[in-house]
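Q: Chain by chain, the residues:
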Amino acid sequence: MAFTLYSLIQTAILCTNAIAVLHEERFLSKIGWGADQGIGGFGDEPGIKAQLLNLIRSVRTVMRVPLIIVNSACIVLLLLFG
Amino acid sequence: MRMRNTSADSTDPSPLFEDTSGGQGATSYNRGHEKGPGGYPAQTLLSDPMSNLAMAYGSSLASQGKEMVDKNLDRFIPISRLKYYFAVDTIYVGKKLGLLVFPYMHENWEVSYQQDTPVAPRFDINAPDLYIPVMGFITYILVAGLALGTQNRFTPESLGMQASSALVWLIIEVLATLLSLYLVTVNTDLTTIDLVAFSGYKYVGMIVGVVAGLLFGRMGYYLTLLWCCVSIFVFMVSRWEHTHILRHARVKGTLTRNKNKVCFKFHKKLTYKQGRLFPPIKLLPDCFRV
Numbered sequence: 001m002a003f004t005l006y007s008l009i010q011t012a013i014l015c016t017n018a019i020a021v022l023h024e025e026r027f028l029s030k031i032g033w034g035a036d037q038g039i040g041g042f043g044d045e046p047g048i049k050a051q052l053l054n055l056i057r058s059v060r061t062v063m064r065v066p067l068i069i070v071n072s073a074c075i076v077l078l079l080l081f082g
Numbered sequence: 001m002r003m004r005n006t007s008a009d010s011t012d013p014s015p016l017f018e019d020t021s022g023g024q025g026a027t028s029y030n031r032g033h034e035k036g037p038g039g040y041p042a043q044t045l046l047s048d049p050m051s052n053l054a055m056a057y058g059s060s061l062a063s064q065g066k067e068m069v070d071k072n073l074d075r076f077i078p079i080s081r082l083k084y085y086f087a088v089d090t091i092y093v094g095k096k097l098g099l100l101v102f103p104y105m106h107e108n109w110e111v112s113y114q115q116d117t118p119v120a121p122r123f124d125i126n127a128p129d130l131y132i133p134v135m136g137f138i139t140y141i142l143v144a145g146l147a148l149g150t151q152n153r154f155t156p157e158s159l160g161m162q163a164s165s166a167l168v169w170l171i172i173e174v175l176a177t178l179l180s181l182y183l184v185t186v187n188t189d190l191t192t193i194d195l196v197a198f199s200g201y202k203y204v205g206m207i208v209g210v211v212a213g214l215l216f217g218r219m220g221y222y223l224t225l226l227w228c229c230v231s232i233f234v235f236m237v238s239r240w241e242h243t244h245i246l247r248h249a250r251v252k253g254t255l256t257r258n259k260n261k262v263c264f265k266f267h268k269k270l271t272y273k274q275g276r277l278f279p280p281i282k283l284l285p286d287c288f289r290v
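Going down the list, the sequences are from chains W and X.
Here the first sequence is numbered in UniProt numbering, starting from 1 and rising by one per residue.
Here the second sequence is numbered in UniProt numbering, starting from 1 and rising by one per residue.
There could be a bad hint or two in this list.
Claimed, not checked - So the derived list for chain W, only partly shown, Cβ under 10 Å to chain X, looks like this:
| # | residue |
| --- | --- |
| 1 | F3 |
| 2 | T4 |
| 3 | L5 |
| 4 | T11 |
| 5 | A12 |
| 6 | I48 |
| 7 | L52 |
| 8 | L55 |
| 9 | T61 |
| 10 | S72 |
| 11 | A73 |
No wet-lab data here; the hints were simulated from the structure.
Don't be surprised by glycine CBs; every beta carbon is placed ideally from N, CA and C.
Chain X on its own, in the form it takes in the complex (with noise of 0.2 Å):
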């Protein structure tokens, strides 16, 4: 406290800032203003009624404007939703990573629902989040740029490439695994932004292995990628099987009746169809990849 002081002492005759509260500030408004009212300190600037008017018509205008675009972006995009999966914490994204890499010890993969809603991935490993795609995509492209810098193959524009060329694989793995759900007519309740969560999962997988490449050289890198691409594969596979597809059997109620029938169909559908149609298609784009 004491120093604080002395050192305002020491610095006062030469200011760091101009002080325009006060005195000083007045006499300059008065000197621009001849014709305005005598002793007009530059606070009453906010209290002159007009200017009062016009910040209030403005505001209220603002907050008009901002409701409209909500509104509008809210039609198109549902950010509501979106904000559910973006609700994670730093202990559910490392056990989710763990996962991810090491899926075959977890044993139970049910979504844990909070009336009739799932709830938020802070407090379930096994909901879908976003932020993990989205973090793995951005890092993969900059570990992709390292990568191709090791080897001075690197340019700015090779960077942007490669962004656009994960976003299209990215989409191309979407409207495939769409198009796959369509036709084998599983009647899940997965929406579209689950299964952009789903393909994101993999950038994990991917960055492991480059930068396994990168530290142990061509047979890491082969060795690590197939590791990767074994466990996303059983991590989807257990997934699917367990949680979204047999939920909505159960739903149906044809569950209670002929349970292994059931369970055997949906399985055989599951692994036979769907099964050797997606994890294949999913793991192309790992071995097209750098």
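Bound-form chain W, shown alone (with noise of 0.2 Å):
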């Protein structure tokens, strides 16, 4: 089991891309994992469901342009070095 530093980058990379495709309507809405279908009430303990949600819709905000700038990077680097 060697990880490099590399192979730690290209994973981050991978799994972040892999969050952000989810999409809203099309996907999480027909699985009930939509954004309105999280906040269950108005306590002060959320759950783990909520927390999940809230953190796909949040990286899916958050790492929209630099996950497009990294992408773009990932891409012209492989082109030219393999």
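Build the complex: two chains, separate frames, hints provided.
A: Structural data, given as structure tokens:
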């Protein structure tokens, strides 16, 4: 199990991409994970499902532009250097 | 005293180094500068007003640059916070190492505070520190290299591979812990550096395991690894359950009224969701190592 820092960066980019492509209307709402379906009540205990949905939504909003930049850089580098 | 004088006298004709202070330096300086004013000893190079000014300007520039570097570095890496984690002494390190390998007899896990700031690790054995994790990390890499060497599998590149592997596993573990803490919405006062410190404590157990494996063979390695895994598990659960989580509940004021209920709720939350989640994640890297 030999990991390098480069493989860690690759894993991070791939995982963030995977979370960012989950579409709100077409997919998440169909399986009951939409953004408006997580907040059960206004107690002080959001629960794990609500936190997860919050996390997915915030990754989608925050990381959209940086992911575009990073992915473009990755594509260019892989085309040039294989 | 007398011996030194006689030895000085005996080495006078052949000195070990050139004596450039005083007359000899003055003559060489005068020979270099024909137009220079007569009788300039070498020390007045420093009292020359122009070079004085240059030296003063240079030292002020250096101190300004140092200030700027410190200020900018402090924005990214909190240096003053880091200094707290390295304020350890030998007794603390010895006791902490003993506690990591045998945490079963320790009763008081509270971190003592001093006017709302945690006491330095030198004075409190329950405070987290970064010295043991850093030293443990480096020692683990060296011991792993030693173990590879005894099996004739050692190359210098493998040492670097072990180092980056261990670093990547540490980063993954800290990220997994952060994610789990976020999902379970436990409000703690654990900072990221605290989590790095706690994740770094496992290197002590791993070193003990590898050394036992070198001394006692395969059986010794597995038995010691099992013992260290259980010890680290008990250490982590005791530390987190008794100090950080419950203290926050006490601050929020809910502990005074329904003490049993909150205790039970947090205990349940911690041991059923978090406790079941973390230590298996923590034990996983140990199992996959050398």
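Q: Under 10 Å is the threshold here; is the Cβ of W/A73 close enough to any Cβ of chain X for the hint to stand?
A: At 21 Å from the nearest chain X Cβ, W/A73 fails the 10 Å test, so the hint is violated.
Q: With 10 Å as the cut and Cβ atoms as the points, is W/T4 at the interface with chain X?
A: 5 Å, holds
Q: Quick one, is the W/L5 hint okay against chain X at 10 Å, beta carbons?
A: For W/L5, the interface hint holds, since the closest Cβ of chain X sits about 6 Å away, which is under 10 Å.
Q: Answer holds if the nearest beta-carbon of chain X is closer than 10 Å to that of W/L55; otherwise answer violated.
A: 7 Å, holds
Q: Can you verify the interface hint for W/F3: is its Cβ closer than 10 Å to any Cβ in chain X?
A: 4 Å, holds
Q: Interface hint check: W/T11, Cβ to nearest Cβ on chain X, cutoff 10 Å. Holds or violated?
A: 8 Å, holds
Q: Can W/L52 be said to touch chain X, with a Cβ gap under 10 Å?
A: For W/L52, the interface hint holds, since the closest Cβ of chain X sits about 6 Å away, which is under 10 Å.
Q: Hold the hint about W/I48 up to the distance rule: shortest CB distance to chain X must be less than 10 Å.
A: 5 Å, holds
Q: Interface hint check: W/T61, Cβ to nearest Cβ on chain X, cutoff 10 Å. Holds or violated?
A: 17 Å, violated
Q: Was the hint right that W/S72 lines chain X, CB cutoff 10 Å?
A: 25 Å, violated
Q: Is the hint on W/A12 kept, meaning its closest Cβ partner in chain X is under 10 Å away?
A: This interface hint holds because 9 Å falls under the 10 Å limit.
Consistency with the previously given hints fails for numbers 9, 10, 11, ordered from lowest to highest.
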